[in-house]
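Chemist: Below, each chain spelled out in residue letters.
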Amino acid sequence: MQDLTTLTINVKDPWKDPANGWDVLDGRTITDNRTLEADVIIVGTGAGGGVSAEILSQRGLKVILVEAGKLKSSDDFKLDEGQAYRDLYQEGALRATKDAGMTILQGRTVGGTTVVNWTSCFRTPHETLQYWHDEFGVQGLSRAQLDPWFQQMETRLKVEKWAMPPNANNDVMKRGCDDRGWHSALIPRNVSGCWNIGYCGMGCPTNAKQSMLVTTIPGALDHGSTLIHSAQADTLIIEGDTVTGVRVRPLNDDKVPTGATVTLKAKTVIAAGGGIQSPALLMRSDAPDPNGLVGKRTFLHPTSFAFGLYDKEIAPYYGAPQSMYSDEFTFKHGVDGPAGYKMEMMPMHPGLSSALIGGFGERARDEIERLPNLAASIAMIRDGFHDENQGGVVELRDNGEPLLDYPVNDYLLEGTKRAHLSMLEMQFAAGAKEVRPSHSHAGYYKSWKAAREGVAQLDYAPVITGLGSAHVMGGLTMGQDESRCTVNSDGSYKHLNGLYIIDGSVFPTSIGANPQLSIYGLSARNASGLAEKLKA
Amino acid sequence: MDQGINRRGFLKLSAAGSAVLATGSGLALLTGCSSNDGPAPGYKHFRQQDVDLLTPLVGAVLGSALTDVGATAEDGMKAFDDLLDGGMPGTRGALFQVLDLMQLGAARWYITGTWASFADQSEAELTQTLTEWAASERGLSRMAFKGLTQPIYMAWYVKPEAAHSTGYPGPPRKIVA
Chain A
1 MQDLTTLTIN VKDPWKDPAN GWDVLDGRTI TDNRTLEADV IIVGTGAGGG
51 VSAEILSQRG LKVILVEAGK LKSSDDFKLD EGQAYRDLYQ EGALRATKDA
101 GMTILQGRTV GGTTVVNWTS CFRTPHETLQ YWHDEFGVQG LSRAQLDPWF
151 QQMETRLKVE KWAMPPNANN DVMKRGCDDR GWHSALIPRN VSGCWNIGYC
201 GMGCPTNAKQ SMLVTTIPGA LDHGSTLIHS AQADTLIIEG DTVTGVRVRP
251 LNDDKVPTGA TVTLKAKTVI AAGGGIQSPA LLMRSDAPDP NGLVGKRTFL
301 HPTSFAFGLY DKEIAPYYGA PQSMYSDEFT FKHGVDGPAG YKMEMMPMHP
351 GLSSALIGGF GERARDEIER LPNLAASIAM IRDGFHDENQ GGVVELRDNG
401 EPLLDYPVND YLLEGTKRAH LSMLEMQFAA GAKEVRPSHS HAGYYKSWKA
451 AREGVAQLDY APVITGLGSA HVMGGLTMGQ DESRCTVNSD GSYKHLNGLY
501 IIDGSVFPTS IGANPQLSIY GLSARNASGL AEKLKA
Chain B
1 MDQGINRRGF LKLSAAGSAV LATGSGLALL TGCSSNDGPA PGYKHFRQQD
51 VDLLTPLVGA VLGSALTDVG ATAEDGMKAF DDLLDGGMPG TRGALFQVLD
101 LMQLGAARWY ITGTWASFAD QSEAELTQTL TEWAASERGL SRMAFKGLTQ
151 PIYMAWYVKP EAAHSTGYPG PPRKIVA
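Here the protein sequences line up with chains A and B, keeping their order.
Going by my numbering, the first sequence opens with residue 1, and the numbers climb by one from there.
Going by my numbering, the second sequence opens with residue 1, and the numbers climb by one from there.
Keep in mind that the hints were calculated from the coordinates and are not lab data.
Here the structure is a predicted model, which is why all the values come from computation and not from measurement.
Fair warning: there could be bad hints in the mix.
Claimed, not checked - Derived lysine-lysine pairs resembling DSSO-like cross-links, with alpha carbons at most 27 Å apart:
| id | chain 1 | residue 1 | chain 2 | residue 2 |
| --- | --- | --- | --- | --- |
| 1 | A | Lys-72 | B | Lys-44 |
| 2 | B | Lys-44 | A | Lys-433 |
| 3 | A | Lys-533 | A | Lys-494 |
| 4 | B | Lys-44 | A | Lys-78 |
| 5 | A | Lys-494 | A | Lys-267 |
| 6 | A | Lys-98 | A | Lys-533 |
| 7 | B | Lys-44 | A | Lys-70 |
| 8 | A | Lys-12 | B | Lys-44 |
| 9 | A | Lys-265 | A | Lys-533 |
| 10 | A | Lys-312 | A | Lys-174 |
| 11 | B | Lys-174 | A | Lys-16 |
| 12 | A | Lys-72 | A | Lys-255 |
| 13 | B | Lys-174 | A | Lys-78 |
| 14 | A | Lys-98 | B | Lys-174 |
| 15 | A | Lys-12 | A | Lys-174 |
| 16 | A | Lys-16 | B | Lys-44 |
| 17 | A | Lys-174 | A | Lys-494 |
| 18 | B | Lys-44 | A | Lys-158 |
Said to hold, decoys possible - Pairwise CB distance ranges (calculated):
| id | chain 1 | residue 1 | chain 2 | residue 2 | range |
| --- | --- | --- | --- | --- | --- |
| 19 | A | Asn-252 | B | Gly-42 | 20 to 30 Å |
| 20 | B | Ser-64 | A | Asp-405 | 30 to 40 Å |
| 21 | B | Thr-131 | A | Asn-252 | 28 to 38 Å |
Beta carbons: idealized from backbone N, C-alpha and C, even for Gly.
Start from the sequences and build out the full structure, keeping to the hints where you can.
Modeler: Structure (C-alpha cells):
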C-alpha cells in the first residue's frame with residue numbers, strides 16, 4: 001500500500017526571508033485611509049496579473065499589485081484539504097453556478113489559481129484561435145504569432161512534458177486509450193524539481209510548482225513593485241472617459257472590510273482578477289458598456305466525471321495529479337459542431353472526492369471506503385463555440401459579490417452524455433471492474449455493455465448530472481467586432497481610456513485545454529505591448 | 001426519456017420552485033426566522049434554528065461515516081460550520097435563505113416530500129425521506145439536495161480523522177524550519 005505519511009518535507013519559504021526586501025502591505029493591518037500612486041495598478045495576482053507585473057516592472061515602471069486573497073506561501077501549505085479550501089479558493093471552494101448545476105474551483109490568494117491548479121500547460125489550440133479570428137475579429141493572435149510568447153513563458157515557468165512514469169490514476173488514461181486506439185499523450189507541466197507527491201491543489205509545499213507565487217510576483221517585487229494583499233478592489237475610479245485609479249477596501253481575517261479605504265492612483269489600470277472577478281469589478285464601477293456585454297459569455301469547460309473501481313491499488317491522491325490527456329474527442333466534430341471534450345484524470349482527496357461522489361448514507365459510505373482503488377477521469381467540454389452554447393452571465397449580489405448564472409442546457413447535457421460514454425468505455429478498456437458516471441441516478445456498472453445500456457436510460461437533466469469546473473474564462477470578450485466585444489486584441493477596454501484587461505476573462509470562448517498557458521502567453525504579449533506604449 | 005420534455009418540465013418546476021422560495025423567505029422573515037439572529041453557541045455561522053433543523057439531517061446523510069470514527073451528528077454539523085468559514089457573506093446568505101425556507105412545513109414538503117421536521121423523524125424515516133428527496137424530479141428539490149449534501153460531505157471528509165477512514169493514509173509531514 002502506498003503511504004507517504006512518513007515522508008518529511010522541509011523547504012525554505014522565499015516569502016519568509018527578510019533579506020528579500022519586498023514591499024508587501026497586509027490589508028488586515030490597514031485601518032486608516034491612504035492614497036498610493038504608481039505607473040500601473042494591477043488588480044489580481046494570478047496568471048494574468050503576475051505575468052504583467054513582472055514584465056512591466058522589468059521595464060522600469062512602478063507597479064502596485066492588489067489581491068483580495070491572503071498571502072499564503074509554502075510554510076503555510078500543510079497539505080490539508082480543509083485549510084486549503086478555506087484559505088486558497090474562491091468562496092472557500094463553495095462557489096457554484098446560480099442554480100447549483102456546476103461547482104466552481106477557482107483560486108483566491110496571492111498567485112491566484114496558479115497556486116492551486118494541477119500544473120497542466122497547453123498552448124492554445126490552433127482551432128480556437130482561428131475561431132476567435134473568424135467570429136470575433138481577434139487580430140494578431142494566430143498560433144504562429146503567439147508561439148514565441150508561449151515559448152517565452154514555457155522557459156520562464158520551466159514547462160516540460162512530465163518525465164516520470166504517470167501515477168496509477170493517469171496510467172488508466174494511457175492504457176484505456178491505447179486499448180481503444182485513441183489519442184493520448186503526456187502533459188507538459190510547469191514544475192521544477194517536483195517531488196511527485198500530488199498536493200498541487202492545496203498549494204505546492206515544496207515550491208516545485210512554478211506558480212506566480214514563486215516566479216513572476218517575486219520577480220516583480222525584486223524590480224520595485226508593491227503588493228497589497230487581503231485588499232479587495234471595490235471600484236475603478238473613473239473621471240470622464242478615463243480610468244485614473246482604483247478604490248480598494250482592505251479586508252480583515254474574516255474577509256470583512258476593515259472600514260478603511262486605500263485609494264490607488266495611476267494612469268494605467270489593469271484588471272486581472274480572472275473570469276467572474278474582472279467583469280464584476282467593471283459592473284460594480286458602472287463602467288460604460290453600451291452593448292450590455294460585460295459579464296456575458298463566461299465559460300467554464302463544463303466538466304463531467306467517471307469513477308472506476310480497480311482490483312489493484314490506484315492511490316489517486318498521490319503522485320503528479322495530471323500527466324496524461326486525450327484529445328480524441330476534443331475536435332472530433334469540428335470546432336463548432338456538437339460539444340467536443342478533452343479527457344484527463346483528476347486527483348482524488350477525500351473531501352472533494354466525497355462531495356463529487358455524492359449520494360447519502362450507507363451507499364455513499366461504501367463508495368468512499370473504496371477510495372484507494374478508485375480512478376477518476378474527467379471530460380472538459382469546450383464551451384462557447386456553438387449558437388446553443390453562449391456561456392454564463394455574471395451578476396452581482398446585493399452586496400457586490402459576483403454570482404455566475406450559467407444554466408446547464410441541452411447542448412451541454414448531450415455532450416456530457418457522450419463524454420460519460422467515452423470515459424466509461426476508456427476505463428473498462430483499462431481494466432476497471434466497475435465504473436460509475438457523475439450522475440446522481442447512476443450506480444456502478446459492471447461492464448461496458450451494461451454501462452451503455454444504463455446511460456441510455458438515464459435522465460440527463462441539470463443538477464442531477466454531476467458537473468463542475470476548474471477553469472473560468474471569458475466575460476470581457478476580446479475582438480474587433482464592436483457588436484460582440486468589449487476589449488481590443490491588445491487588451492485595452494473599448495469604452496474607457498487607461499483600462500486594460502489582461503487575464504482569462506478576455507477569451508471569446510473557452511480554450512479547449514487547461515487555460516493557464518493561454519493566459520500566460522497572451523498576457524506576456526499584451527503586457528509587453530503596453531510596456532512599449534508606456535515607455536515610448 | 002425525451003430530453004426536450006424533461007428540460008421543459010424542469011424549467012416549469014424551477015419557476016414554481018422560485019416562487020415558493022420567494023414566498024417562503026417572506027414568511028420566514030415574518031415568523032422571526034431571519035438570517036440576522038447571530039450564530040448559535042459554539043458555532044461561528046449557523047444559527048440556532050439551522051442547528052436544530054440540520055443536525056439530524058447531517059447525521060442521516062453521513063451515517064456510519066460518523067459512527068465508524070466515534071463521531072456524532074453534532075460533530076458533522078460543526079464540520080459544516082467550519083467549511084462555511086471559507087465562504088463569502090453572499091455564499092452563506094444563499095444557504096441561509098434555503099434553510100429559512102425549510103423551517104416551514106409546506107416548504108419542507110415541497111422540497112423533501114415530507115412535512116415532518118427532521119428532528120421528529122426516526123432514523124428509518126429519515127433514510128426514507130432522503131431516498132425520496134434524492135429521486136425527486138422537482139428542480140428546487142434537486143438544488144436543495146445537492147446544495148446541502150455536497151458541502152456536508154466535503155466538510156466532513158476534509159477532517160483528518162474522517163479522511164483517514166476512507167483508506168487514504170494521509171499527507172506527507174510538513175516541517176517549518
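Chemist: Could you see if the CB distance from Ser-64/B to Asp-405/A stays within 30 to 40 Å?
Modeler: Taking Cβ atoms as reference, Ser-64/B and Asp-405/A lie about 38 Å apart, which means the hint holds.
Chemist: Between the alpha carbons of Lys-174/B and Lys-78/A, is the straight-line distance 27 Å or under?
Modeler: holds, 6 Å
Chemist: Quick one, are Lys-12/A and Lys-44/B close enough, alpha carbons at most 27 Å?
Modeler: violated, 34 Å
Chemist: Looking only at beta-carbon atoms, does the pair Thr-131/B, Asn-252/A fall within the given range of 28 to 38 Å?
Modeler: violated, 44 Å
Chemist: Are the Cα atoms of Lys-72/A and Lys-255/A separated by 27 Å or less?
Modeler: Satisfied, since the Cα-Cα distance of roughly 15 Å is no more than 27 Å.
Chemist: Tell me if the straight-line CA distance from Lys-494/A to Lys-267/A falls inside 27 Å.
Modeler: The given pair, whose Cα atoms are some 16 Å apart, holds under the 27 Å limit.
Chemist: Just to be careful, I want the Cα atoms of Lys-98/A and Lys-174/B compared with a cutoff of 27 Å; is the pair within it?
Modeler: Distance of about 37 Å is beyond 27 Å: violated.
Chemist: For the pair supplied as a hint, Lys-312/A and Lys-174/A, is the alpha-carbon distance within the 27 Å limit?
Modeler: Distance ~16 Å between Lys-312/A and Lys-174/A Cα, so the pair holds.
Chemist: Please verify whether Lys-44/B and Lys-78/A have alpha carbons no more than 27 Å apart.
Modeler: holds, 23 Å
Chemist: Is it true that the CA of Lys-174/B sits at most 27 Å from the CA of Lys-16/A?
Modeler: Status holds; Cα separation ~16 Å.
Chemist: Between Lys-44/B and Lys-70/A, does the CA-CA distance stay at or below 27 Å?
Modeler: Holds - the C-alpha atoms of Lys-70/A and Lys-44/B are around 20 Å apart, at most 27 Å.
Chemist: Given the hinted pair Lys-174/A and Lys-494/A, is their alpha-carbon gap at most 27 Å?
Modeler: Judged against 27 Å, a Cα distance of about 45 Å means the pair is violated.
The earlier numbered hints that this structure contradicts are 2, 6, 8, 14, 15, 16, 17, 18, 21.
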